[in-house]
Structures are given as C-alpha cells and as structure tokens.
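Protein chains: 2
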Amino acid sequence: MFESAELGHKIDRKTYDKELPALRAALLEAQIEMFKLAKFPVIILVGGVDGAGRGETVNLLNEWMDPRYLQTHGMGDPSDEELDRPMMWRFWRELPPKGRTGIFLGSWYTRPIINLVHGHSKTADLDQSLERAKRLETMLADEGALILKFWMHLSRDKQKQRLKLLEADPKTRWRVTERDWEHYKLYDKFRLVGESVIRHTSTAEAPWTIVEGFDSNYRSMTVGKTLLDAIRKRLDEANKEITEISAPPPLPSIDNLDILKTLDLSQKIDKKNYPDELEKYQGKLALLTRSAKFKNITVIAMFEGNDAAGKGGAIRRITGALDARYYNVIPIAAPTEEERAQPYLWRFWRHIPRRGRLTIFDRSWYGRVLVERVEKFCSEADWMRAYGELNDFEAQMVRHNIVVVKFWLSISKDEQLKRFKEREAIAFKHFKLTPEDWRNREKWEEYEQAVCDMVDRTSTEIAPWTLIEANDKYFARIKVLKTLCQSIEAALKNIENRKP
Amino acid sequence: MFESAELGHKIDRKTYDKELPALRAALLEAQIEMFKLAKFPVIILVGGVDGAGRGETVNLLNEWMDPRYLQTHGMGDPSDEELDRPMMWRFWRELPPKGRTGIFLGSWYTRPIINLVHGHSKTADLDQSLERAKRLETMLADEGALILKFWMHLSRDKQKQRLKLLEADPKTRWRVTERDWEHYKLYDKFRLVGESVIRHTSTAEAPWTIVEGFDSNYRSMTVGKTLLDAIRKRLDEANKEITEISAPPPLPSIDNLDILKTLDLSQKIDKKNYPDELEKYQGKLALLTRSAKFKNITVIAMFEGNDAAGKGGAIRRITGALDARYYNVIPIAAPTEEERAQPYLWRFWRHIPRRGRLTIFDRSWYGRVLVERVEKFCSEADWMRAYGELNDFEAQMVRHNIVVVKFWLSISKDEQLKRFKEREAIAFKHFKLTPEDWRNREKWEEYEQAVCDMVDRTSTEIAPWTLIEANDKYFARIKVLKTLCQSIEAALKNIENRKP
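Protein sequences appear in the order of chains Y and Z. The numbering used here puts the first residue of the first sequence at 1, with every later residue one more than the last. The numbering used here puts the first residue of the second sequence at 1, with every later residue one more than the last.
You can trust all of the hints, since none of them are fake.
Selected chain Y positions facing chain Z (in silico; Cβ < 10 Å): (1) Asn59; (2) Met75; (3) Gly320; (4) Tyr327; (5) Ile330; (6) Ile360.
No more than 25 Å apart at the CA atoms, straight line, and that leaves these computed lysine to aspartate or glutamate pairs for DMTMM-like: (7) Z/Lys295 x Y/Asp80; (8) Y/Lys171 x Z/Asp276; (9) Y/Lys295 x Z/Glu63; (10) Y/Lys295 x Z/Glu178; (11) Y/Lys271 x Z/Glu63; (12) Y/Lys18 x Z/Asp276; (13) Y/Lys295 x Z/Asp77; (14) Y/Lys98 x Y/Glu339; (15) Y/Lys421 x Z/Glu29; (16) Z/Lys171 x Y/Asp323; (17) Y/Lys272 x Z/Glu63; (18) Y/Lys14 x Z/Asp276; (19) Y/Lys295 x Z/Glu167; (20) Z/Lys272 x Y/Asp17.
By construction, these hints were calculated from the structure, which means they are not laboratory data. We treat Cβ as the ideally placed atom computed from N, Cα and C, and that holds for glycine.
Model the full assembly from the supplied sequences, consistent with the hints where possible.
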C-alpha cells in the first residue's frame with residue numbers, strides 16, 4: 001500500500017517555483033467561489049507518521065489560502081467539557097459550515113490508532129472504530145461535505161533521517177521530542193496499523209491520499225493539487241441537478257396491521273388516583289436525579305407524538321420533579337441560519353449536555369423521518385438514509401453512558417379533533433393551535449405510516465421507543481414518568497455493577 | 001435596607017391557592033407573547049442568604065412557566081474552558097436570546113461578595129466589581145434586555161430557624177450542608193456586604209427586589225407578581241416608538257486638524273529590504289508565539305482600515321509566521337440570525353479564544369462606531385454609548401491577560417482610487433471590489449470623522465490604537481508585525497515579572 005510513497009518522489013526547486021504561483025492563485029480563486037456559493041464545506045483530515053510534514057503542510061495551506069475562510073484544528077487533549085460528552089462531540093463543534101474549509105490535524109482516526117499501537121486496545125476495537133468512522137464520513141458526504149484525507153508517509157529509514165535532520169537544524173530542533181523517538185521504535189507496528197486503517201476507510205466519498213513526506217516540494221504540491229482538483233470538480237458539479245437514487249421506500253403493511261393499531265388507546269387511570277401516582281413517580285424521579293451517582297450519567301428524553309397528544313404537559317410533569325439547574329428543555333423548531341449551514345444532526349449535537357444533566361427534546365432528530373418525509377422537505381434518499389444515521393447518533397450517546405429515552409405519544413384521530421376544538425374554544429389555549437395543525441391532520445395516514453416505519457427501524461435494544469397511549473392524559477403522564485424512572489434506575493445500577 | 005424584609009411577611013394558604021391559578025395563567029400568557037414578539041430577553045438574577053428559598057423559587061418559576069422558553073443556569077464552579085477566558089464569558093455564553101428567559105442562580109455578584117466576606121479581597125475590589133456589574137447591566141438594558149434581580153433575605157434568627165427546619169425534615173435534610181452553617185457564622189458580615197451591593201447596584205434599569213424568604217407563599221407570590229408586572233409593562237411598551245435621547249454627537253475638529261491628517265502617508269521602505277525585514281519580524285513572531293510562556297496569555301489582534309488599505313495582506317503576513325493550530329481569523333460580516341437575537345457584543349465574545357492562542361479579527365466590534373454610525377444602521381444613542389461599552393469589553397480582556405492589539409490601516413483617498421482601479425482591471429482581484437466599496441468612498445469625510453472620534457475615545461493605555469500609514473503596503477506590513485511583536489513581548493515580560 002505504501003509502495004508508491006517510498007519511491008523517493010521529488011520536485012526540484014525550479015519546477016516548484018514555476019508552478020507554485022498558478023497553484024496558489026487557483027486555490028484562492030476556488031476558495032472564494034466556494035465561499036460565495038456556500039453550498040458545501042471542505043473537511044480535510046491530516047494524519048500519518050511523525051516527521052512526515054503534517055504540520056508544515058497544514059501551515060503551508062494556511063499560507064496559500066485565505067485564512068478568513070479556513071480554520072485549522074489541532075485536536076490535542078480534550079477539555080473537561082469535551083470529556084463530558086461523546087467522543088465525536090469535539091469534532092462536531094468544529095465542523096466548518098458550508099462554504100468554508102476545516103483542517104483537522106489529528107482526527108477521529110488518531111485515538112484508535114494510537115491505542116492499538118500502544119497495546120491499550122484490541123484489533124476488534126479498531127475495526128469497530130473504523131466502521132463508525134466510515135459511517136460518519138458517508139453521512140457527512142451525503143450531507144454535501146467534500147472530505148479529503150491525507151496520510152503523510154515515510155519509510156522507516158526516511159523517518160529516522162528526517163528526525164535527525166530536524167534535530168540538526170537549530171531552527172527546527174524544538175520540534176523533535178523524546179516522544180517522537182519513542183514513536184519511532186514503534187514504526188513497524190504503526191505502519192501496519194496505518195495500512196489497515198487506510199485499507200478499511202478509503203471509500204468513494206472519502207478516499208485517503210497517501211503522500212510521501214520526505215521532499216517538502218513534492219509533498220506540498222501533491223496536497224495542494226489534490227485539494228484544488230477536488231474543490232474544482234465539486235464546484236463544477238454544484239450547479240448540476242443531481243438525482244439521488246435510493247431503494248424504494250417501505251411499503252405500508254399489506255394486511256393493514258401495524259404497531260400503532262395494536263395500542264389500546266382506551267387505557268386510563270382513575271382521576272382520583274392521579275395525584276398520588278403523580279407524587280409517587282415525581283418523588284422517585286427527584287430522588288434518582290439527586291442521587292450522588294447521577295452525576296456520572298446523562299439523560300436525554302425525547303418527545304414525539306401526534307399534534308395535541310400532550311407532549312408539553314408530560315414534559316412539565318417531568319421538569320416539575322427536577323432541580324432547575326440540572327435540566328434543559330430544547331424545543332425543536334425550524335433550523336436557524338447557522339444550523340442550516342451544517343449537517344442535519346449538528347443542531348442536536350450542539351445541545352448534548354454535560355454529565356449529571358437531563359435534557360428534554362420537545363420534538364427531535366426524528367423530524368427527518370416524520371415531518372420532513374411527509375411534507376417532502378427533504379429528498380427520499382435523505383430520509384431513507386436517516387434511519388441508520390439516527391441509530392448511529394444514539395449508539396454514540398449510549399456508549400458514553402447517556403440514557404436515551406424516546407417517547408411517542410399516540411392519540412386517536414377522534415381524540416385529536418376533540419382537543420383541537422377545545423383549543424379553538426378556549427382563548428388561552430388558542431396559541432397552541434395553528435393552521436399547520438389542521439393541515440397535518442389531513443395527512444393522518446401518511447404520518448401513521450411514517451411513525452410505524454420509524455419505530456420498526458429505530459427502536460433498538462440500546463435506545464428503544466416507548467409508545468404512550470395518550471387518549472387519557474393522566475395515564476400518559478404517569479407512564480412517561482414511570483418509564484423515565486425505570487430507565488434511569490437501570491442506568492444507575494449499571495454504573496454500580498461496572499468494575500471501577 | 002432590609003427592614004421591610006424582616007416584618008414577617010406571610011400569605012395564608014387560602015389566599016395563595018386562590019390567587020395562584022390566575023398568576024400562573026398570566027405568566028404563561030406573557031411568556032408566550034414575549035416569545036412570539038421576540039424583541040427582548042428576560043434576565044433574572046437570584047441571590048441572597050442561604051436557606052431563603054433561592055432554589056425553591058427558581059424551581060417554582062420553572063413549574064409555572066413554559067420550560068421550553070426558559071432556561072436556568074446554576075453558575076457553579078467554572079469549567080476549564082471558562083477559566084481560560086475572562087470571567088464574564090461564562091455568562092455571555094448563556095445569555096437568553098430575544099423572546100426567552102434566562103435565570104441565573106448565582107450571578108456576577110456572587111464571587112465578589114463571597115471573596116469579601118471570606119476576606120479574600122478588599123472593599124475596593126468589591127467596589128470595582130460593582131461598578132463593572134452596573135455598566136454591564138446598563139449595556140444589557142440598552143440592548144433591550146429586561147433585567148430583574150431578586151435578593152432573598154432572612155433575618156439572622158429566621159435563617160437559623162429555617163436551617164433547623166430544613167434539617168428536621170428528612171425530605172429536605174440533604175439540602176443543609178456544613179457549609180451552610182459555616183456561612184451562618186458569617187451572617188452579619190454577609191448582610192453588611194449584601195446591603196452594600198444592593199445599594200450600589202439598584203439602578204433604574206436593573207433594580208433589586210428584596211424578598212423576605214421565610215414564608216414560601218409570600219416569597220413565591222412576590223417573585224411571580226414582580227416578574228409578571230415587569231414583563232407585562234415591557235410588552236405594552238414594546239409596540240411604542242421609543243425616541244432615544246443622547247448627548248449631541250462630537251463636532252468635527254474646528255481647526256481642520258485631526259489625528260488622521262497628522263499621519264505621514266508617504267512613509268515607505270525600500271522594496272529591496274522588504275524580504276529581509278519580513279523574515280526578521282516573522283521569525284521573531286514565530287519564536288514569541290512558540291515560547292513556553294505564550295500559553296499563559298491570549299492575543300487578540302484587530303484590523304480596521306479604509307477599504308483596500310491592505311488588511312488581508314497584513315493579516316496573511318502574520319498568519320504566515322504562526323502555527324496554524326493556534327490561531328484563528330474571524331472575518332466580521334453581517335450578523336447571523338442567532339447573533340441578531342443577542343446584544344451587539346455577543347458575536348465577538350463568542351470568538352474569544354482559550355489561552356495560548358491568537359485570534360485575528362478582520363474588522364471588529366468597532367463596526368458600531370464606524371459603518372453602523374455612518375450608514376445609520378443603528379441609532380445615534382447606540383453608537384454614542386458604544387465607546388464606553390467597547391472600552392469596558394477590552395478592559396475585561398486585558399484584566400484576563402489578553403493582549404489587545406488594534407490596527408487602523410490608513411490610506412489616502414488618491415491611493416484608494418488607484419487600488420480600486422487596479423482591482424477592476426485584474427480579473428483575479430475583481431471579487432475584492434464591490435459596489436459598496438464605491439458607495440463608502442463617497443462618504444470619505446464622514447468615515448474620517450468617525451475614525452477620529454473612535455481613536456480619541458477608545459485609544460486607551462491598556463488597549464491603544466496603532467495607526468498604520470499604509471500607502472506603502474510593505475511599510476504597513478512591517479509596522480504591523482513590529483507592533484504585534486512588541487506587544488506580545490511586553491506581555492510575556494509582564495508575566496515573568498509578576499509574583500507567582
């Protein structure tokens with residue numbers, strides 16, 4: 001795999017000096033065009049062996065391009081705020097918006113590689129990480145990102161030679177540390193793992209470019225030209241109409257039996273018992289969230305449901321039991337300008353709380369497979385691929401000890417009509433009813449189909465859907481509270497059982 | 001000052017139960033109206049003595065109001081990311097956008113009070129902090145925020161009684177800690193300092209409401225009604241046209257002599273010497289920013305100047321000397337939707353970097369007293385008050401070891417014309433010239449006046465303006481680099497001299 005990058009590639013000074021001005025001008029021009037178009041971001045990952053010129057190359061790109069539309073992220077040690085969230089959060093927060101370029105020195109590949117080379121993890125762990133990385137990149141590419149991955153390579157001898165050269169020059173001596181020599185000893189292992197990473201994650205949408213790092217002219221020119229070529233091609237495509245192709249969407253149940261129809265919406269609890277039940281579960285929730293162990297977990301509770309199904313009421317029964325300092329309710333509305341410049345999931349990632357907190361989403365990332373699907377706000381290919389992406393998103397949270405609790409509040413079509421009319425009648429509740437609600441109601445069956453497909457595809461062992469029969473709001477609220485308590489209890493028990 | 005809050009205020013259960021539903025409904029309605037109007041945020045600060053019901057009151061507000069448009073911030077210990085920035089950064093990042101409410105349990109008053117009570121600081125320090133707090137609140141109020149400050153009070157005896165009561169009940173016992181009893185011993189001192197804080201910071205735009213905290217019905221009703229009244233009044237005013245009154249703007253210099261006219265724009269350096277000079281100062285900058293001590297400071301370099309004065313070129317000569325991982329260039333363009341929902345300075349606060357980093361602003365917070373003044377994008381009162389606000393902003397940075405370097409790049413009207421024509425002629429530079437540039441040029445004298453006023457009012461000992469004679473771009477770049485190096489050098493020396 002590294003054969004071509006050990007041939008001793010070289011570009012002489014004269015050729016380099018001759019070609020550079022045109023390359024720089026073209027890069028700058030492409031960058032401006034990209035910024036004005038604001039249709040896609042460029043994400044550049046830079047990895048490879050020590051001494052192969054990763055940092056120099058990045059600095060050079062910064063010199064060639066307009067630093068106003070380019071940001072470089074040295075992904076060193078995570079901050080405490082970053083450690084409190086899933087591993088990928090620190091990358092999400094630095095993703096370049098459409099029209100701009102982000103360079104990551106150190107990427108989602110760095111930690112998995114280092115861990116395996118140093119014997120802190122197993123090959124199976126690496127494979128899992130790579131699988132996840134690939135899925136992430138596919139998603140970013142589907143969202144429009146142009147992804148370029150550069151691997152700076154040196155043969156073992158050349159690495160030694162480079163490190164010696166750097167050490168010999170007083171100007172660059174500081175850049176060679178003992179750790180570099182430590183790493184050098186692990187060269188063979190690193191090379192092997194690197195090769196495996198490149199082999200598994202070089203995809204059509206995010207290929208690796210292996211660059212021989214010894215000759216700086218060759219290295220810089222290769223990176224610059226690869227980057228220019230990729231941006232230019234994308235710019236040329238950007239104005240073409242692209243027809244996305246996806247597998248046909250799921251068929252409705254052919255025997256007219258579906259998961260929503262199995263719900264017994266007539267379930268209710270005696271209104272007399274409601275206050276006691278409410279106090280009981282609110283008390284339980286209060287105790288659970290105030291326990292010392294709670295600061296080790298994070299809870300994300302998410303509400304979807306028919307219009308007027310009582311999401312707001314259920315949410316208030318939860319927050320009523322909580323300490324206001326440790327929860328947050330995120331109402332999901334139309335994305336803001338800054339959110340629209342990012343991949344779909346960005347606006348949810350940004351609200352993932354620190355440990356020891358509970359965040360409630362009033363509507364959620366499932367909007368893509370519900371309202372966006374039914375109202376055709378996104379393409380069929382977009383919502384078809386979303387199921388897997390949403391599962392991946394939740395899996396990342398769960399791996400980080402985040403308890404993900406998902407509620408679908410279900411009411412019958414008749415019950416909805418009754419509630420709409422009530423809202424119309426009561427001045428104070430009037431603001432709760434919009435013309436949109438009536439329009440959505442006309443598409444009842446389509447929404448029902450979307451909900452069934454969603455539950456079938458995203459109710460997982462680690463983040464199951466809880467369907468709430470909500471014709472009786474008291475029943476619904478108690479079931480929500482009970483489910484939430486059970487989930488938190490299980491998570492706290494899990495923490496306890498885990499070996500320290 | 002606390003006399004009225006020690007009278008033993010009380011509201012009996014019956015009255016409370018009778019009045020509560022109407023209060024809740026009205027609060028909810030006001031909140032929705034406020035959200036729909038999206039013209040002002042509500043900022044609520046809650047302080048006072050232990051056991052006076054601060055937390056309970058906040059939780060109750062959360063229960064009464066819609067938690068989707070309300071967020072509570074328990075300002076506990078700062079995170080490492082927060083410690084790396086000026087003290088106020090953590091409040092700025094949590095400010096509620098227009099239409100929403102933010103409750104701060106613990107505020108910018110907490111630390112100064114605690115420090116004085118515990119003898120870690122002097123009265124003079126407190127006075128300074130209060131002065132700053134007042135200026136901040138005035139600014140927030142001028143930006144439209146509705147600010148409410150509640151001080152929960154208990155007499156010494158009542159505090160003891162409350163703490164004992166809480167301890168006696170198994171349900172609330174956990175809430176009384178040893179620290180509360182420690183604090184109790186300091187009651188008299190705390191009361192004294194509290195009084196002084198309230199006296200100095202109860203202003204027309206952000207008054208304190210002292211609330212007797214013993215009887216929870218009285219306490220809750222008082223806070224709820226005060227809040228409702230304030231929001232209602234503001235909503236009623238919101239639709240009125242408000243004429244802001246300010247002192248008359250500065251007159252132009254009456255003898256036609258001003259700071260810009262004193263610049264010798266003919267200064268230049270020999271083009272032959274430029275490469276050497278450039279290398280010299282870039283090398284120096286590289287060394288300074290890579291020194292071990294650099295990680296203790298933060299550098300913010302800011303560029304303003306005439307159109308086509310060469311800001312971009314000067315910035316690239318700086319970034320060319322830096323490690324791409326540790327700098328960031330922020331081009332200031334029109335504010336985004338999220339930025340428009342916040343006070344003016346919010347969009348600059350969000351870009352303040354962590355320690356050991358350098359951030360370059362290409363145009364800056366001075367937009368308010370330059371383009372916004374001249375083009376009348378804001379009212380006269382807005383830009384007239386801005387001078388003081390911008391000075392305050394920079395003072396906060398400097399206090400936090402941030403080196404603030406401000407450049408004005410000045411070219412003559414003739415030189416600008418020459419450059420505009422060049423840009424028109426060269427296809428590649430065409431994108432740099434917009435019709436707006438020509439329009440701005442017509443207002444040359446007005447901009448000149450704005451620049452002179454700006455320099456007169458915001459060139460301070462701690463954050464002086466450096467005027468750059470930029471008709472010769474080589475001269476300008478070297479002077480910029482030289483100034484930046486000197487500022488960083490001085491800051492590093494300062495760090496060294498400081499006692500540990």
